[in-house]
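Read off the chains here:
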Amino acid sequence: MPLVRIAVPRHLDDMQLKHIADAIHESMVTTFNVPADDRFQVFTRHTDSELVWAPTYLNIAHIRSIVFVQITCNEGRTVEMKKALFARLASSIARGGAVLASDVIVSLVEVKKENWSFGNGIAQYAI
Amino acid sequence: MPLVRIAVPRHLDDMQLKHIADAIHESMVTTFNVPADDRFQVFTRHTDSELVWAPTYLNIAHIRSIVFVQITCNEGRTVEMKKALFARLASSIARGGAVLASDVIVSLVEVKKENWSFGNGIAQYAI
Amino acid sequence: MPLVRIAVPRHLDDMQLKHIADAIHESMVTTFNVPADDRFQVFTRHTDSELVWAPTYLNIAHIRSIVFVQITCNEGRTVEMKKALFARLASSIARGGAVLASDVIVSLVEVKKENWSFGNGIAQYAI
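Protein chains in written order, with this note's numbering: chain H, 1 to 127; chain E, 128 to 254; chain C, 255 to 381.
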């Protein structure tokens with residue numbers, strides 16, 4: 001059920017996108033109770049003018065390009081699960097070499113389980 | 128008030144986008160109590176690397192490209208209204224021929240009615 | 255903490271994007287209790303076919319291209335703060351000359367403060 005929007009700088013190539021996509025999905029399966037085949041990801045690529053951030057926030061400097069990961073998911077995960085997801089996302093994405101762990105910005109948007117359709121016009125999660 | 132974000136594969140042309148846009152709006156007017164002139168839609172087009180999904184989820188196979196429809200709307204619709212919206216979205220979009228009903232993925236994000244401005248800096252829905 | 259998604263027509267150049275980005279951030283700092291270095295903005299540029307709206311909604315006509323500003327932020331702001339934000343966003347963006355105040359459409363999505371990571375895999379706002 002999560003729908004993941006990932007905004008990346010334009011200079012990342014398809015191989016780097018694939019690493020990021022796989023890293024995000026693996027992190028969600030491992031820490032966030034997401035089924036392996038529950039995968040829906042959308043990337044947007046951006047020029048320098050289209051991705052804007054301050055040089056430093058909360059003592060974390062952003063020297064290279066940042067990556068935004070916004071995840072729409074069902075409500076109900078604990079704070080501990082969210083912390084585990086964030087930790088794994090940053091380390092797993094950074095392993096690819098194109099993005100620093102300090103530049104992985106994550107935002108969760110939680111919705112009700114009845115708010116999804118996964119094809120054929122059915123609300124698969126509604127009781 | 129709904130703001131609709133639609134992510135589509137790059138190979139869809141402007142005529143196909145228009146069909147999808149009209150189909151979505153007609154579905155919302157018919158099933159979701161949306162005024163006919165309350166229409167705000169944003170499309171993003173994506174390469175194959177930028178739209179990622181598993182081949183099958185919940186027994187629905189995705190052989191062709193999927194389309195994500197994410198709707199930010201006011202809270203308060205019933206589950207029955209959501210089901211009616213999903214059903215009509217899938218059938219209506221599929222009628223255009225470019226997208227299968229099984230490939231229409233929908234996500235609703237509900238917000239408070241005070242969370243909108245429709246121009247001129249006014250919160251038109253706030254009491 | 256806010257993550258701001260701004261959808262603009264393709265004909266806006268980088269200078270106009272910079273004005274809009276600065277105007278949005280200044281508005282949030284001034285009216286919405288956002289720290290000056292808490293700035294995360296993503297622009298998407300769109301063709302005419304990709305931005306769809308009705309000619310008039312709530313007696314506000316859209317003759318030129320509209321701009322969507324969708325802000326994901328922590329819950330807890332008052333209605334008065336939201337009204338102040340909307341007012342300042344419209345006037346501040348319009349000052350750049352490329353966008354009319356009547357064409358600034360704003361959507362707020364509120365989330366829990368534990369739903370963010372600003373780098374290094376840490377949930378900086380979770381207690």
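Just so you know, not all the hints are guaranteed correct.
[Said to hold, decoys possible] DMTMM-like cross-link-like pairs, simulated, lysine to aspartate or glutamate; straight-line CA separation at most 20 Å:
#1 E:LYS240 <-> C:GLU368
#2 H:LYS83 <-> C:GLU334
#3 E:LYS239 <-> C:ASP291
#4 C:LYS366 <-> E:GLU202
[As the list claims (entries may be wrong)] Simulated restraints, written as ranges between beta carbons of each label pair:
#5 C:ASN287 <-> H:SER49: 21 to 29 Å
#6 H:GLU26 <-> C:GLU280: 24 to 32 Å
#7 E:VAL206 <-> C:ILE381: 45 to 53 Å
#8 C:ILE381 <-> E:GLU207: 25 to 33 Å
#9 C:HIS265 <-> E:ARG137: 15 to 23 Å
[Stated by the list, open to error] If you only want the chain H side, here are some residues facing chain C, beta carbon under 7 Å, derived:
#10 PRO9
#11 ASP13
#12 VAL52
#13 ALA54
#14 TYR57
#15 ALA90
#16 VAL106
#17 ILE122
#18 GLN124
Because the hints were derived from the structure by calculation, they are not lab data. Keep in mind it's a predicted model, so treat the numbers as computed, not measured. Backbone N, C-alpha and C fix where the C-beta goes; we use that ideal spot for every residue, glycine too.
Hint by hint, which ones does this structure get wrong, listed from lowest number up? 1, 2, 3, 6, 7, 8, 10, 11, 17, 18
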